[in-house]
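Dock chain one against chain two, each of which comes alone in its own frame, and use the hints as you go.
These protein sequences, in sequence, are chains A and B. With the numbering used here applied, the first sequence closes on residue 683, and no number is skipped along the way. With the numbering used here applied, the second sequence closes on residue 1015, and no number is skipped along the way.
Think of the hints as simulated: they come from the structure by calculation, not from any bench. Any given hint could be a false lead.
Unchecked claim - Under 7 Å between C-beta atoms, here's a sample of chain B residues computed to sit facing chain A: (1) A711; (2) Y741; (3) S743; (4) K751; (5) H768; (6) E770; (7) T771; (8) L772.
Said to hold, decoys possible - Straight-line Cα separation of at most 20 Å, SDA-like style, residue types lysine to any residue; simulated pairs: (9) A:K272 / B:N745; (10) A:K272 / B:Q809; (11) A:K558 / A:L639; (12) A:K265 / B:R805; (13) A:K477 / A:E509; (14) A:K272 / B:N812; (15) A:K272 / B:P738; (16) A:K540 / A:E495.
Unchecked claim - For each label pair, taking beta carbons as the anchor points, the in silico distance ranges come out as: (17) B:N889 / A:L158: 48 to 58 Å; (18) B:G818 / A:L468: 50 to 60 Å; (19) B:N745 / A:D254: 47 to 57 Å.
All C-beta atoms in this analysis are idealised placements derived from N, C-alpha and C, irrespective of residue type, glycine included.
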Amino acid sequence: MAKQTDIQISICGSAGDGTIAVGDIFKRAMARAGYRVIAFDHYPAEIRGFGKCISRTRISTNQVYSMKSYSDVLVSLNDLHAIPHVGEVRDYGAIIYDSAPMSAVAEGAHISGHLMPGHLPYALPIRELSELATGANRSRNIVALGFIAGLYQLPQQAFHQAIAAKFETKAPAVADTALAAFDSGFKSGSSTYKFDDVQIDHSRARKNGGEVRMMTGNGAIAHGCLEAGIETFFGYPITPATGIMERLAVEMPRRGGRLVQTEDEIAAISATIGAGYAGARAATATSGPGLALMAEMLGLGVMAEVPAVVFVSQRGGPSTGMPTKTEQSDLNLAVWGGHGDARRIVLAPTNVEGCRRCAARAFEMAEKFQVPVIVLIDLYLSNRYETVFLQGEDNFLPKNWQRVDSGAPGDNYRRYELTADGLSPRCVPGEAGGIYTATGLEHDEYGHPNDSPDVHSLMSEKRHEKLRDAMKYPGINFTKRFGDKGKIDVGLLAWGSTFGEALEAVLLAREEGIRCAAMKVVMMSPLPARPILRFCNDCQQVLVPELNYTGQFANLVSGELGRPVTRVSHATGAPMDINYLLTAIRNAAKQKLRNKTTTSNPTKA
Amino acid sequence: MPSSTHHVVLGNGIAGNHAADVIRKRDPNSRITIISAGALLFYNRYDLPDVFRGRHQWVDYLVHPPEYYESQNITLRRKTRVVELDPQTQTLSLAHRETLHYDKLLIATGGHAYIPARLLDDVGLMHSFHNFRVAMQVQNAVRKNGTVIMLGGDVMGLDLARTIIATGHRVIVALDNRTFWPHEIAQSERARYLQALESMGLDIWDHGKVDHIEAGNSKGPARQVFFEDGSEIRGDVVMPFFGLVPTVDFLATSGIDMERGILVSPQLQTARDNIWAAGDVCQIWSATSNAYRFYYGYRNVKMMGEVAAYNMTGEQSAFESTVDEALEVTSKGLLHSPFWEYD
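Chain B with its partners taken away, still in its complex shape (with noise of 0.2 Å):
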């Protein structure tokens, strides 16, 4: 029977694009738009770090062809950005002043990089890596037998650092309570898992907080990072990694609950009618550890996109990850964390 649902799907990720997927197989007829910040079609963030392996074309990270979208009548509207959503309504507020009617909405526009308040005055000074374009800067900016400085060092700086020390750089880890993120590590194992770091080829640098950054001169290394102790590293770029923060500020108006991510239940259903979350943005009810907590890594987050596909089709399924969390050292006395695996 036709559908004339519209399902609009905010994130052009692997909870969005996932329940995309689903959402056409179980609803061939409805009508599916997938917003998305950026320019590129889906592609693999996770292969990222393989431009420092000489893969610079964005077209040989795309998990689908043009052809896809086609064939699966799904809109991907890409460099569109969302400010409001009014739930009242059922309509999203785009910044190109076009109103945008849904049926039932969900939200996976995952999160963007944490920096700490007291290095916002150097934002400019940093790299992140969280899209092709960057990542493409990044691979630029970092000479040959260069370094890299990774601010934090949570599992997603320290997988890209497998590669960067794998194609013959060098990467320093500059050490925060948030090295490590979202693994939490007890105090009497952190020596434990600094010494598998270093084994993994990472220069560990432990003096406490940075203080500031500055731009290197033309000769040297482009950046100089200052501690609070007065010590100072170089490098060519310096990124931070210090975890991720939901992306959910056009949310401010909406009223839908939030804490640090969107608050929904294990069905992933918002408190509003006809919104569903997936992903890094929301937090979901863990009866087990009786509060809303962050799942995070490739298959939680696409069981996420399922779950929520699967429910926004008639379904009640609830979400259970199956993700081992631990961090582990392996026997080689290296790092593995389950976050880095994907299909």
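Next comes chain A alone, as it looks inside the complex (with noise of 0.2 Å):
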């Protein structure tokens, strides 16, 4: 019986080697032809030139949940940038490289001095065959591609056609071009001897029903906002989160929505907030620095109940700090940056179809409740890319809000009445019946402004128990437990894209006969602490293992729920290693053997 397909190939070239573009090639194609993908580039924060890139594609026939800890197939564009990863290629995996580079290298400076005993080399002329193929040596990229094609006896159909779409807006030439590079590069792989174990069986590529997407985390964003109905964005371009902005200044204005490209980012939340205020669906998108500058405003939002939406994609900080890598550092800023006790929601996505489902839903509850919601991301996810198969089985609501019926004209509204469920009447500006004063200031019912014990008592209760319900809004799981059921030796309770890697190591955990499990939490504010709490019972340990030096969530989930937790934290700006994770399982199950051991023997310390 064939084996399931799940292989990593990694290209790593410099800036400006087309690292990014081939990889990206490399992933439609095999999305086209029916595999799970999953993809991370790594770039540096410069524009081009000089800087290493790594474009990282898993596929699978299998559902998987992150990258893997090591790829089976490297391909160098650029030795020096390379070298330092062919320690990532497992055994018996394959690293391809070119065997003619153009200038002379220094004594060790070529990749074939560095191969592992375990590794399988393919030394192409990728040079020559470019020049040969186009003329050219920039098509190096797609020659290297094209070999991996070949090599695998990949459909070269499916990459014909990616390369197509890749290249559609560009003069028909380019296209040729890389067309007749990929052709060469395949010729030569499929005359290559296959030395390596790397298996790719097309046989078992999925046959889809419903319509199969590749997105990234900032796409799926984008696209769940259009979903939602978003008419208006408000953005100031910060990395990672400016592609958020950018796909939605494509679609918005052709589907009558505004996007503003502001001055800053307190503009940007100033105006979101404005437009939600107005009765607009409403957006912005920012990273930790931007969401630093944001605060001061959204407590407006808390404070006036005003819907509002704000993606934040985390990047490595603090300050400018690392913008190009990955980090889950700006938890306590979304849950609680600002001033006085302003309780927002903040939702935070595991995956890429999450995002897209977050989104919308976040335009829902943002209205619902009548409050700011937060997306929190970070760069690992928006730059992931991930096929996403939309079934069709989400239909987000379109917006609403309780209209005045008090029938009277003037100060009879009551905005901001204390109701059961903390919910007010929301109208919108002009809606007859509906004067009424949105301040910052604490305010009475009607919104005037009032600062007396008993009512910024009330009001602040209210602001806080409108909350309760949002942790059963349907349309998302905000847990969800993976793995061994009941009682349990260790338990992973993972956030954002690093939940990915914790049910991965899991899985591996679990086939090494450890009792575990994983729970993902979605809803980060208000934190569902009750199906945590459940969970945490259940476990022997419980880790926490998150993106950042300070244990961010751990200290959330300890200091709500009173339970101490392990801190898994990993501060390097690059995704959690699995291996970091597994290791931290297994000695978590040993602990707790020890432990065992040392009550049913005292004696035995």
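Right, here's the structure in full:
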């Protein structure tokens, strides 16, 4: 019986080598061919000309949840950059490199001198093939892509289509050149004896119902915004969130929406809240530094109970930090950032499909609960590509607000009426009878400024208690448990992009016989304490993996639940390492065993 | 005492790998680099006929697992071709435009199949059997109960023929003056040896020189061999077995003394400082023969690797073959070559 396909291919080059571009073609071609794809690119902060680029793509026939911790194939378009990554390739995996570089290399500077004994080398005259096929060496990346396709007998037609699509906006000669380069590499790969044990089984590629899309987290958020009927977007570019605005800038005008690039983040959030106040579905997108600037206005949104959606993609910080590296270190800022008790909703999707769903639901929740909603992702999820299978099962709700039912114009409208569920009748400016004072000052039910102790106490309670039902909002799994059921040795409580690695690590640990499970937590504020506590109570040890130094989610959980958890923090700028997590699980399982031994036989120290 | 000596071994066969192993034992801290034109780790080429017995995974032929190289701190550079040697600067120029410095160099690049000039135009229609990849190609090309045509019939070919016949195929040996190479058979003894070949199940084809080879049609055997006398035979593959020639092309400008192979002293040292040679690539001075001569077979080659390694690490040992080089006809009337024996 043929094996399931699950391989990861890494292409490494220098900025300008077309590394990311060719990785993009590869992932799209494989998605066309029916595989599940997860891909993540590493690129330098600098625009062009130097710096390392890596495009990693995992293709599989089964559902997978993250990038693998190792690669099956590494392609070097620049040995200087690729050599440090040779060790990422597993034994009997393949390394493809240029056997005929243009200029002489210093001793030890060619990748062939750095291969591990278990690697299988494919020395290909990449530059020469490019020159022969196209008259220039610019298509080295496409030649290498063709070689991969030929070596592993991937469907040539899917690549031709992906190349044509990639260059459809360019002059026809560009696509023709790329196709010639691809075919040259394909021919070479097809005639090369395959020594490695990388297997791609085409018979098991998915024959889907429904529409298949390749999306990044940013793209999925934009998609979700459009599905939810976003009307206005105000943004100021910042890596890694800019992609959201870029996509919306193309799509929104076609649908009658408006997108404005503001002068800064303060203007963006101010305009978003203004639009929300006026009844529009409005959003902005930023990263940690921008969120810091938005903190004050978010407080206004909370106080004035104005719906607004803020997409935040975290990057390495503090300050300018590492704009092109990932981190999960803005959780505190998202949940607590700002002055006063400014409780808001914070959602943290764990995968690309989740980005789409959370983005769309965020508008609904912002309107229903009359509060800003932050959708918190990170660079890894922003830029990670995944195949998304659109089955049409999501029906996002059109915008809706309660009409004023007093019927009487003037001062009788209690915009902030104290109700059983804390949700007050909301209207938008211009509605008859809907006049009220919207202010950042503390206010009574009519919106009139009032700082009396009773009013502040009641209104504070209202602003918090109205969010209690947010945890029951349909259409999103705010928590979900995977793995072993019942009492377990080790549980991983994970959020955001790290959940994928956590689940992969749990699956590996279960194969080793460790009883373990993973729970994803999508709602960070208000925190769904009950299901989390139930999960924790089932676990001998609870590990909280996250990409920050201080363990922000661990602190949030232990603070709200009063239960100790073990931090598994990882602040390198890279996604969580599955092996790192697996080791932590093993160690936790051993610790549990030691505890059991100690309990059962106290004389053994 | 730590050694910073960089030992470079050209060749990933028995001589080179055994030499590296011995060097590591004698100089634990030195740097050792093996350079190989192939893609694989050191594997047993003597077992390659087993591809006809269904052994189709190259890892099954490995002599050492990947971990061996790491534990021995031996760097193996595969798919790496040396294009030039400069003994003055003690550097090797690699095809990918890297220059590699050595302190001590062992050339153990072995040999490759000799193809008579008259057949060079037909090389594309012949199959060799010198590595795993081409061995698999041969195995794939030979149909069930199919026919292999061996031109010449040196001892490597005859060794392979034993397995091919044992696995249900037919082997036709087109005789040549290099049949039985490197054994030298007196004309008076030739008939006895040919009889032994027939006893082993080989078909003898004694029609003089090959004129040319053609591809067959799609329905029949893939190859047709035409002889100068007008006769022809058909088979699935045609394999040249005319003996070996040393692989020394990259030494053209090195100034190293060569005849057919690299000329070395009994200590396996070339006339150049810090360069030794071992295996099928070298001709060793024999005082007995008063000539430089080749020594073949696994045991000789392995011993050469060992002697070279000792001498590269300070000894002055001389190579002496202990192999009886006679081609035997056994009591059952079958051939046996000492060059078929290996550990």
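Each hint, compared with the structure:
For A711 of chain B, the suggested interface contact is upheld, since its CB lies about 5 Å from the closest CB of chain A, less than 7 Å. With its C-beta approaching chain A no nearer than about 4 Å, Y741 of chain B sits inside the 7 Å limit, and its interface hint holds. Below 7 Å, beta-carbon pairs count as interface contacts, and S743 of chain B has none with chain A, the closest being about 10 Å; its hint is therefore violated. Contact between K751 of chain B and chain A, as hinted, is supported at the beta carbon level, the nearest pair being about 4 Å apart and thus within 7 Å.
Here the hint on H768 of chain B is kept, as its CB sits about 5 Å from the closest CB of chain A, short of 7 Å. The beta carbon of E770 of chain B comes within 5 Å of a beta carbon in chain A, closer than 7 Å, and the hint placing it at the interface holds. Interface restraint check for T771 of chain B: the shortest CB-CB distance to chain A comes to about 6 Å, inside 7 Å, so the restraint holds. Below 7 Å, beta-carbon pairs count as interface contacts, and L772 of chain B has one with chain A at about 6 Å; its hint therefore holds.
With a C-alpha separation of about 27 Å, the suggested pairing of K272 of chain A with N745 of chain B is violated against the 20 Å cut-off. Taken as a hint, the K272 of chain A and Q809 of chain B pair is honoured in the structure, with Cα atoms around 12 Å apart against an allowance of 20 Å. Between K558 of chain A and L639 of chain A, the direct Cα distance comes to roughly 18 Å. Compliance with the 20 Å bound is thereby established for this hinted pair. Straight-line distance between C-alpha atoms of K265 of chain A and R805 of chain B comes to about 18 Å, which keeps the hinted pair within the 20 Å bound.
Between K477 of chain A and E509 of chain A the alpha-carbon distance is near 16 Å, which keeps this suggested pair within the 20 Å criterion. The straight-line distance between the Cα atoms of K272 of chain A and N812 of chain B is roughly 15 Å, inside the 20 Å bound, and the hint therefore holds. In summary, the hint linking K272 of chain A to P738 of chain B is supported, as the alpha carbons are separated by about 18 Å, within the 20 Å threshold. A C-alpha spacing of about 9 Å is found between K540 of chain A and E495 of chain A, which places the hinted pair at or below 20 Å, so the restraint holds.
The hint said 48 to 58 Å for the Cβ distance between N889 of chain B and L158 of chain A, and at roughly 52 Å that hint holds. The hinted range of 50 to 60 Å is satisfied by G818 of chain B and L468 of chain A, whose Cβ atoms lie roughly 53 Å apart. For N745 of chain B and D254 of chain A, the Cβ-Cβ distance of about 50 Å falls inside the hinted range of 47 to 57 Å, so the restraint holds.
In this structure, the hints that do not hold are numbers 3 and 9, in rising order.
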